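Asker: Take a look at the letters that make up each chain.
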Amino acid sequence: MTATATMRPVRNPDARRHRTRPGRWFRRHERVVLGSVGVIGLLLIWEIGSRMGLIEDFFFSRPTSIVAAGIKEVQIPRFWNDVRVSGFEFATGYIGAVVLAIPIGLIFGWYRRVSYMADPWLNLLNSLPRVALLPLIALWIGIGIESKIAVVFLGAFFSVVIPTVQGVRTVDRRFLDVAHSFGASQRRLFTSVVLPGTVPFVVTGLRLGIGRGLIGVVVGELYAQTDGLGVIISRASSNLQPDRMFFAILIFTFTGIVGVESLRRVERYFQRWRPVREER
Amino acid sequence: MLTGGLALSAKEIRMEYRDRQTRQELVAIERMDLDIPEGQFVTIVGPSGCGKSTFAKIVNGLLPATHGTVEVRKAANGRDHAMVFQDSSLFPWYSVLSNVAYGLVCQGVSKKEAQERAMPLIRLVGLDGFEQKYPYQLSGGMQQRANLARALTVDPELLIMDEPFAALDAQTRELMQAELLRIWNASNKTVLFITHQIDEAIFLSDRVVVMSARPGRIIADIAIDLPRPRELRVKRTPEFVAYEEKIWNLISIQLTSVGGRTGEAA
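Heads up: the protein sequence lines correspond to chains B and H, in order. Numbers 10 to 289, taken from my numbering, label the letters of the first sequence in order. Numbers 11 to 276, taken from my numbering, label the letters of the second sequence in order.
Please note that a few of the clues may not be correct.
Here are the simulated lysine to any residue pairs, SDA-like style, with alpha carbons at most 20 Å apart [what the hints assert, rightly or not]:
#1 H:Lys-121 with B:Phe-199
#2 H:Lys-143 with B:Pro-205
#3 H:Lys-143 with B:Arg-281
#4 H:Lys-121 with B:Ser-194
#5 H:Lys-121 with H:Lys-143
#6 H:Lys-143 with B:Phe-279
#7 H:Lys-143 with B:Tyr-278
#8 H:Lys-121 with B:Leu-198
#9 H:Lys-84 with H:Gly-49
#10 H:Lys-21 with H:Pro-74
#11 H:Lys-121 with H:Asp-165
#12 B:Lys-81 with B:Gln-250
#13 H:Lys-122 with B:Ser-194
#14 H:Lys-84 with B:Gly-192
#15 H:Lys-21 with H:Glu-81
#16 H:Lys-121 with B:Arg-197
#17 H:Lys-122 with H:Phe-140
#18 H:Lys-121 with B:His-189
#19 H:Lys-21 with H:Asp-43
#20 H:Lys-121 with B:Leu-204
#21 H:Lys-21 with H:Ala-230
#22 H:Lys-122 with B:Arg-197
#23 H:Lys-143 with B:Arg-283
#24 H:Lys-121 with B:Gln-195
#25 H:Lys-121 with B:Gly-192
#26 H:Lys-245 with H:Glu-184
#27 H:Lys-143 with B:Val-285
#28 H:Lys-122 with H:Arg-133
#29 H:Lys-143 with B:Gln-280
#30 H:Lys-121 with H:Asn-87
#31 H:Lys-143 with B:Pro-284
#32 H:Lys-121 with B:Pro-205
#33 H:Lys-84 with B:His-189
#34 H:Lys-122 with H:Gly-139
Facing chain H, according to a computed beta carbon distance under 8 Å, are these residues of chain B, among others [what the hints assert, rightly or not]:
#35 Arg-183
#36 Phe-184
#37 Asp-186
#38 Val-187
#39 His-189
#40 Ser-190
It is worth saying that the hints were derived from the structure and are not from the lab. Values in this document were obtained by computation on a predicted structure and should not be read as measured data. Virtual Cβ for every residue (Gly too), placed ideally from N, Cα, C.
If we strip away everything but chain H, and leave its shape as in the complex, we get (with noise of 0.2 Å):
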């Protein structure tokens, strides 16, 4: 049982797989505890190949851990969870409003009811007049805006949010964490985000976990203890530069550590 106000509970998280080429045993994630409150934006950050994509897909229930318990709140209404995944995850045969309906339509939702219900987040997330095209028609913003609609649409108590801008160009990025922490604003949902961008996590978050190169594990957890509603400009303050150093130097020890490793598997 989840104690109060917790949105997100894992502890004691191990990964291990077995490499198919060298099979060789590889530890992934070395140890995981986290919490999350419910309400609170939270971002792991940490050099590629630390696994934090992989604890992403954890708490999803897609991959299972060789160790530990992940606990998600249980929905009153509407799924525990629901996952915004990286680039190019929409159906491509399907319109952006099929799409978005999707989740509800797997939970025995009539299709015209789903996509009646799926509308209003259409237009939260500024796509009203796209929902006739196909996915193919839409720019990389908005196919992540879909995306990001699609995972609301469901209700969830916990919205995880797997590298979703990575994609994205560098200006294209700036504006979506900008409209993120505006839907975020308005629908007020736990998140569970996973970036290398050290800028995008403290911009979004409450607070930022630090993870360790492969094997992963928590080497920090900062709490962003900058005002709310937040602006792109924040970004250029003493204040969030000052986050910025901090947790890169965490990263970049990590970096050196393994002498250039890390970039050989993601």
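Next up, chain B with everything else stripped away, as it sits in the complex (with noise of 0.2 Å):
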């Protein structure tokens, strides 16, 4: 209350950060820095612990000698029909699920009595372990390509169906009640309310299923070994060659990513009228 009262100015803790040239670039790019940091960090620890002998290489090979079985590896023909082989069970099983899952999964969330019906059984389904239905399927169709297209059909079909039947079925009321009242028809409706208020989770149920197909190669394919990336695995496991189990696992790995991000970019463009959302 006297003349001794002292002001502190406000020190935002942030604003000292960063001042200099490298700290504003670093803080650009923070995330791909880091982020390279931690891969080739994490995989020099791996390849130095193995030439140290500290991992065992016999077992877990080292970054080094994957590339080398994978250079060796390309230059195989049967190596490339299996990649035609588990490219065309994925492709087919997926893109099968796909045309089919969305067109039921929007009939299912609107025919509110229609999915009362087909609910029990998605529910059931969906829970249940597809891949412990694989001796069923080879019973029913044979161990050949066609067994593994079903195992990823029913994978993927699933992960897709659940979550546009959800989409559907919470569509926002308000938007239905503006519809109605400019006297939208039913087909309207659903083009300018239904589908673009569903296409978030259909994408999200898209990226779910990429997983849940490759799953579906390489179980149907070690399961039933006669062509395919995951025969690769399981030959090269009893020839004990880590490196080329995990080349051929690095391939799944690879196709998942690129596939994600692939759907990824559809999403964005689907949904360019919402506001971006910065991380933090």
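Need the complex rebuilt from these two chains, each delivered in its own frame; the hints are there to steer you.
Answerer: This is the structure:
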């Protein structure tokens, strides 16, 4: 209350950091830089640990050996045949699942009574670990390429159907009111309100479906060894070749990443009406 | 048939509904009779939960009344009625232009023509230059301008406005009230306006209809005899304040008579 009271400037603790030029550069590219450090760092530890004998390279291999194995592998004609087979199984099963799942999901979501009838089955089949059906599927349609397509299909189908139904059901009442109030036809109601509101849910399902579909390919091929990348994995395992296994596994991983990333782009296109959410 | 000169005639409207949780039969609207002559601006005010928004929905055909009839003047061309909804009822996935053109597209007008016909209304509500923006890029006030334009595009005989400014901040709301009067002067529609703001009701209207607390019914129908065109300044005149006091008294009796229970359900 007296003349001795002093004023203290308020300082934002963040304000002092990143004042220098490299500091600012780092701040802008923080994500990429730290991500690369994380990846490269771990690979280095693996490589060095393996060379020093701390990591048993007989079982765990090492990054450089995996690269070398990969280079050798791609020169074998049989490898490309395996890639083609696995790719075909995945693409056919996945696309088939999506083409069926989206319209079916829309119908189930829209017609409440239809969905009441279908719901128990959807839940049952979704909770069921689909790979458990593999022996049964093999019994029905053999161990050829068809059974693997079927497993991929089952994995992806339910991943897409369930969120799609969810999306249609959670369409905002307000927007339906607006459409009704302007006398929109059923078709217009669907295309102007239901579909746009459901897109985010569908894309989520598509993304989930990629992972589930890939599981289908691997497990299907491990179960019934005819052709495909799964066969490379299982054969390399019995021949004690971890580097070849890792290479095949990496191909699956890579496929998953590319698929999910391209879907993210599709999603961004369909969602351009949404404010861009900045990560902190 | 509507008798000459009426834009809306609602007779013996009663609305009951069943509360999903308590499984009780509730009466939202006890009885409403309301005639609106062509070109008149009528506002319904009432405590929250009195059924005024429900009434708007019944008039707009979104809800079936339990009892009673609503007649709206048949439009020569254009729609009989159109509604301006509360906040954020623009389709977030459409641009302003597509949103405003929506009503016409619903009537089967081609997209191109609908957008051409929407442009003058976008200009009328002062949104030119924003027609390609998405709703999230607009302020609340601008969104409600677009909302108004969307309803006007179908050239309705009756414009129903359900608390369109309720979510706006106080200053924007005042501005929008003045804007609405300007636009109304230019279009000369019959308007049924719903609000809980007494000053808003008086400022805008030719007639203010006061509703009771639930179950809703009309307890007063007051002609507002203030010269037009009105500017915001009119709100500080003694005549205006007298209207405000009169209506507030009617509503405050409603609030106390139910012991403050009115806020429990909308």
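Asker: Determine for every hint whether it applies to the structure shown.
Answerer: Structure-based check of each hint:
1. H:Lys-121 with B:Phe-199: Answer holds: Lys-121 (chain H) to Phe-199 (chain B) is near 17 Å, not above 20 Å.
2. H:Lys-143 with B:Pro-205: With a Cα-Cα distance of about 17 Å, the restraint between Lys-143 (chain H) and Pro-205 (chain B) holds, given a limit of 20 Å.
3. H:Lys-143 with B:Arg-281: Given pair Lys-143 (chain H), Arg-281 (chain B) holds - Cα atoms ~11 Å apart, limit 20 Å.
4. H:Lys-121 with B:Ser-194: holds, 15 Å
5. H:Lys-121 with H:Lys-143: holds, 17 Å
6. H:Lys-143 with B:Phe-279: Holds - the C-alpha atoms of Phe-279 (chain B) and Lys-143 (chain H) are around 15 Å apart, at most 20 Å.
7. H:Lys-143 with B:Tyr-278: holds, 16 Å
8. H:Lys-121 with B:Leu-198: holds, 16 Å
9. H:Lys-84 with H:Gly-49: holds, 14 Å
10. H:Lys-21 with H:Pro-74: At roughly 14 Å apart (the allowed maximum being 20 Å), Pro-74 (chain H) and Lys-21 (chain H) satisfy the hint.
11. H:Lys-121 with H:Asp-165: holds, 17 Å
12. B:Lys-81 with B:Gln-250: holds, 13 Å
13. H:Lys-122 with B:Ser-194: Answer holds: Lys-122 (chain H) to Ser-194 (chain B) is near 19 Å, not above 20 Å.
14. H:Lys-84 with B:Gly-192: holds, 15 Å
15. H:Lys-21 with H:Glu-81: Since the Cα atoms of Lys-21 (chain H) and Glu-81 (chain H) sit roughly 9 Å apart, the hinted pair holds (cutoff 20 Å).
16. H:Lys-121 with B:Arg-197: This hinted pair holds, its Cα atoms lying about 13 Å apart.
17. H:Lys-122 with H:Phe-140: Within the cut-off at roughly 18 Å; holds.
18. H:Lys-121 with B:His-189: holds, 19 Å
19. H:Lys-21 with H:Asp-43: Holds, at about 5 Å.
20. H:Lys-121 with B:Leu-204: holds, 18 Å
21. H:Lys-21 with H:Ala-230: Distance of about 16 Å is within 20 Å: holds.
22. H:Lys-122 with B:Arg-197: holds, 16 Å
23. H:Lys-143 with B:Arg-283: Holds, at roughly 11 Å.
24. H:Lys-121 with B:Gln-195: This hinted pair holds, its Cα atoms lying about 18 Å apart.
25. H:Lys-121 with B:Gly-192: The given pair, whose Cα atoms are some 16 Å apart, holds under the 20 Å limit.
26. H:Lys-245 with H:Glu-184: It holds: about 10 Å lies between the C-alpha atoms, which stays within 20 Å.
27. H:Lys-143 with B:Val-285: holds, 14 Å
28. H:Lys-122 with H:Arg-133: Since the Cα atoms of Lys-122 (chain H) and Arg-133 (chain H) sit roughly 17 Å apart, the hinted pair holds (cutoff 20 Å).
29. H:Lys-143 with B:Gln-280: OK: Lys-143 (chain H) and Gln-280 (chain B) at ~14 Å, within 20 Å.
30. H:Lys-121 with H:Asn-87: Answer holds: Lys-121 (chain H) to Asn-87 (chain H) is near 18 Å, not above 20 Å.
31. H:Lys-143 with B:Pro-284: Between Lys-143 (chain H) and Pro-284 (chain B) the Cα gap is close to 12 Å, so the pair holds against 20 Å.
32. H:Lys-121 with B:Pro-205: holds, 18 Å
33. H:Lys-84 with B:His-189: holds, 18 Å
34. H:Lys-122 with H:Gly-139: holds, 18 Å
35. Arg-183: Holds. Min distance 5 Å.
36. Phe-184: holds, 6 Å
37. Asp-186: Holds, because the Cβ-Cβ distance from Asp-186 (chain B) to chain H comes to roughly 6 Å (cut-off 8 Å).
38. Val-187: Val-187 (chain B) check passes; min Cβ-Cβ to chain H is 5 Å, inside 8 Å.
39. His-189: At 6 Å from the nearest chain H Cβ, His-189 (chain B) passes the 8 Å test, so the hint holds.
40. Ser-190: holds, 5 Å
Figure legend: structure checked against the earlier numbered hints; every hint is met.
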